[in-house]
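Student: Take the sequences, apply the hints, and build the full model.
Here is how the chains run, residue by residue.
Protein chains: 2
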Amino acid sequence: MKKYLLTPGPTELPPRVLLAMAHPIIHHRAPEFLPVIEQAREGLKWLFKTKNEVLILASSGTGAMEGAVTNFLSKGDRAVTVNGGKFGERWGQICKAYGVEADVVNVEWGQAVDPEKIKAELKKYPDTKAIYIQATETSTGVVHPVREIAQIVHDNSKAILVVDGITGVGVFDLPMDEWGIDILLTGSQKALMLPPGLAFIGISDRAWKLAETSTLPKFYFNFSKELKNIVKNQTAYTPAISLIIGLGESLKMMKEEGIENVYRRHTLLADATRKGVQAMGLRLYASQAPSNSLTAVFAPEGIDSGKIISAIEKDFGIRIANGQDQAKGKIFRVAHMGYYDKSDILFALAALEIVLNKIGHKVTPGIGVGAAEGVFM
Amino acid sequence: MKKYLLTPGPTELPPRVLLAMAHPIIHHRAPEFLPVIEQAREGLKWLFKTKNEVLILASSGTGAMEGAVTNFLSKGDRAVTVNGGKFGERWGQICKAYGVEADVVNVEWGQAVDPEKIKAELKKYPDTKAIYIQATETSTGVVHPVREIAQIVHDNSKAILVVDGITGVGVFDLPMDEWGIDILLTGSQKALMLPPGLAFIGISDRAWKLAETSTLPKFYFNFSKELKNIVKNQTAYTPAISLIIGLGESLKMMKEEGIENVYRRHTLLADATRKGVQAMGLRLYASQAPSNSLTAVFAPEGIDSGKIISAIEKDFGIRIANGQDQAKGKIFRVAHMGYYDKSDILFALAALEIVLNKIGHKVTPGIGVGAAEGVFM
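Taken in order, these protein sequences are the chains called S and U.
At position 108 of the first sequence the residue is numbered 108 (the working numbering), and the sequence of numbers has no breaks.
At position 207 of the second sequence the residue is numbered 584 (the working numbering), and the sequence of numbers has no breaks.
No lab work stands behind these hints, which were simulated from the structure alone.
Among the clues, some could well be false.
As the list claims (entries may be wrong) - Computed footprint of chain S on chain U; a stretch qualifies when at least three of its residues, placed anywhere within it, have a C-beta under 8 Å from a C-beta of chain S:
#, stretch
1, 391-401
2, 468-478
What the hints assert, rightly or not - Below 30 Å or equal to it, Euclidean Cα-Cα: the simulated DSS-like pairs (lysine-lysine) are:
#, chain 1, residue 1, chain 2, residue 2
3, U, Lys-691, S, Lys-2
4, S, Lys-228, U, Lys-691
5, U, Lys-452, S, Lys-75
6, U, Lys-707, S, Lys-328
7, S, Lys-232, U, Lys-707
8, U, Lys-586, S, Lys-218
9, U, Lys-595, S, Lys-218
10, S, Lys-228, U, Lys-705
11, S, Lys-252, S, Lys-228
12, U, Lys-595, S, Lys-75
13, S, Lys-75, U, Lys-605
14, U, Lys-629, S, Lys-3
15, U, Lys-691, S, Lys-75
16, S, Lys-225, U, Lys-707
17, S, Lys-49, S, Lys-3
18, U, Lys-602, U, Lys-380
19, U, Lys-473, S, Lys-75
20, S, Lys-328, U, Lys-609
21, U, Lys-609, S, Lys-225
22, S, Lys-232, U, Lys-379
23, U, Lys-535, S, Lys-218
24, S, Lys-228, U, Lys-595
25, S, Lys-86, S, Lys-96
26, S, Lys-218, U, Lys-380
27, U, Lys-463, S, Lys-228
28, U, Lys-473, S, Lys-209
29, S, Lys-225, U, Lys-473
30, S, Lys-225, U, Lys-379
31, S, Lys-96, U, Lys-705
Computed from a predicted model, the values in this text were never measured in an experiment.
Cβ atoms here follow ideal geometry from the backbone N, Cα and C, with glycine treated the same way.
Tutor: Structure (structure tokens):
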């Protein structure tokens, strides 16, 4: 059976990227690697829409998240974290591990944070050094209002705004410099169409200034050391060479398509997915601000979402994701970030209709697909 | 021109490994990934010769080194580090970054540590919690006497012995459990014949016991969290999936060859390399205990080693490495760990003879190659 991966990371790899990574290995200090990393550097600045360097780390996205705490704060510093899902929760866990006082703004799963709540925290604690949020909370499929938050943060404090864009960058616009995002990070295995193993982090001048005062311990994720290296097209420690070669190819693909077209494609696929599942009588988990990265959907009343996930894998070779933690068994998550097109959505919706009928949720065959076709037409 | 990589990491990738990694990506929580990671787990235990779990990290080897400090020690703890080159120096830097008191045993570059010096430190500071050494110091091509050190450490203290086996594991025998190595770590891009991006770390029961008392901060490199995951064939954070698929293939190749044959091949290639360069009138940088992983060689008197390295790259497509820091310009380093065979050594020696003659160090054509042939015959 043909296999399809519609999970929110890892995502499908384009054959061009697979081929590029199958290139014989080259040495990271060799002259032929320098243009590879230089091209990746330039491409990442282009993608992050920043004049500053974007660091390349050999780790998963969580490593970059840790570094976004340890390189900028000191023990006892105060931070605001937004916890509206599993990844927002992680910001708080990292702060705790390093003795940073995190004021957690709790947001009900499935909802976006109200920027006014962040404003209130900043008023309450004017010494807050940093605000940690997600662009998309991957566990719920919700987009947080990054632009408004950036405005509020800079109007009301001297704190830096740190955005986990792991399932945001390359899906929708997050122009770092224009919006005043101080730190923006992402991972390789999402919209960047690569295997997991790389993380990327862009850092504003204001954040670099704060970094000078940071006393938290760090070694592998030492960003000032990375900065000194990246300007020479190097990394502080041995880079994940084959993945960086793949990165060159995936950035090239994004440039060929045009970044605005990339965003438009994601908008279209997400819209079609949402209208498709809603036409089947299903409800979105995101009660507001659903992300264009992935669509989280409630299973029909009385049906465990795991049953849908198993059946669609078994009958159609499509892998989608279950909910995490409190949402496990209640929702399924269909991703459409990265190397996806209309075909994937139409097929997945058709398969879902068949599977839902099979397990007892009656759906008129074609009703969801038809709704998606409507979006595409 | 055909290209050859004889650097001490990254090393050449077998086509079988490249092909395995070009497999379409699979999801790390999918049932088809579980046997992949399970096989890797078993293979790593086999390679490390330990009954305990070997953790799989998405990072370069330095990440595992950092974790080997932060997961076992607390601020103000005392450790002994052996600094006989760039990587030994790194142990001291990591300790310093985390407020661990490192008693540094300095060893002249090119020499192995005298185990009696470690014994003396342990007598002087009986509260030492850990000893940090390299199996091979990659910057000098020297092997430290791990077995004797393990004996001394356990006879004279309750400290744990931590061995950076980044250029050791898979080259020569480092049986963790038998020798009493408490922590053994390595990276993917050396004898394991993979691209960089993975690190592996085996941990003894005694080290796990010490970990319970550790209060240094950690998050991404949290080994107890990784242990809870690896026993379920998972990792704490998204693993570098494609590299782990490659790992399955490279471990399979090592098993097919037989681990004792792998060690014998490395011994033979190293011996031939050493005899070859010595027959050309060159001197080994390792004045004692040269490693079977790589051979570090002094450039002829009055010749910058960089000239040899450039010429052999330009004329023969062979990339070898320069010395690092104080050895830069003085030595060149030829690696023979991983996917290498007699052909590579014979060709590299012949090319070196031509290049040396070209740049003014007269060598009888065939004299080095002949010496290597002698070893192979």
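Student: Is the Cα-Cα distance between Lys-463 (chain U) and Lys-228 (chain S) 30 Å or less?
Tutor: It holds: about 19 Å lies between the C-alpha atoms, which stays within 30 Å.
Student: If you draw a straight line from the CA of Lys-707 (chain U) to the CA of Lys-328 (chain S), is it 30 Å or shorter?
Tutor: Violated - the C-alpha atoms of Lys-328 (chain S) and Lys-707 (chain U) are around 60 Å apart, more than 30 Å.
Student: Against the 30 Å threshold, does the CA-CA distance of Lys-602 (chain U) and Lys-380 (chain U) hold or violate the hint?
Tutor: 42 Å, violated
Student: Is the hinted pair Lys-86 (chain S) and Lys-96 (chain S) satisfied, with a Cα-Cα distance of at most 30 Å?
Tutor: 15 Å, holds
Student: Are there three or more residues in the stretch 468-478 of chain U whose C-beta lies closer than 8 Å to some C-beta of chain S?
Tutor: n = 5 at 8 Å, threshold three: holds.
Student: Is the straight-line distance between the alpha-carbon of Lys-595 (chain U) and that of Lys-218 (chain S) 30 Å or less?
Tutor: 9 Å, holds
Student: Hinted pair, alpha-carbon criterion (30 Å max): Lys-473 (chain U), Lys-75 (chain S). Please report holds or violated.
Tutor: Roughly 17 Å between the alpha carbons, so the hint for Lys-473 (chain U) and Lys-75 (chain S) holds.
Student: Given the hint that Lys-609 (chain U) pairs with Lys-225 (chain S), does the C-alpha gap stay at or below 30 Å?
Tutor: 36 Å, violated
Student: Taking 30 Å as the top limit, are the C-alpha atoms of Lys-586 (chain U) and Lys-218 (chain S) close enough?
Tutor: With a Cα-Cα distance of about 24 Å, the restraint between Lys-586 (chain U) and Lys-218 (chain S) holds, given a limit of 30 Å.
Student: Hinted pair, alpha-carbon criterion (30 Å max): Lys-535 (chain U), Lys-218 (chain S). Please report holds or violated.
Tutor: Holds, because 27 Å separates the two Cα atoms, which is no more than 30 Å.
Student: Sort out whether Lys-228 (chain S) lies within 30 Å of Lys-252 (chain S), counting only the CA atoms.
Tutor: Between Lys-252 (chain S) and Lys-228 (chain S) the Cα gap is close to 26 Å, so the pair holds against 30 Å.
Student: CA of Lys-595 (chain U) to CA of Lys-75 (chain S), is that 30 Å or under?
Tutor: 13 Å, holds
Comparing the model with each earlier hint shows violations of hints 3, 6, 15, 17, 18, 21, 26, 30 and 31; every other hint is respected.
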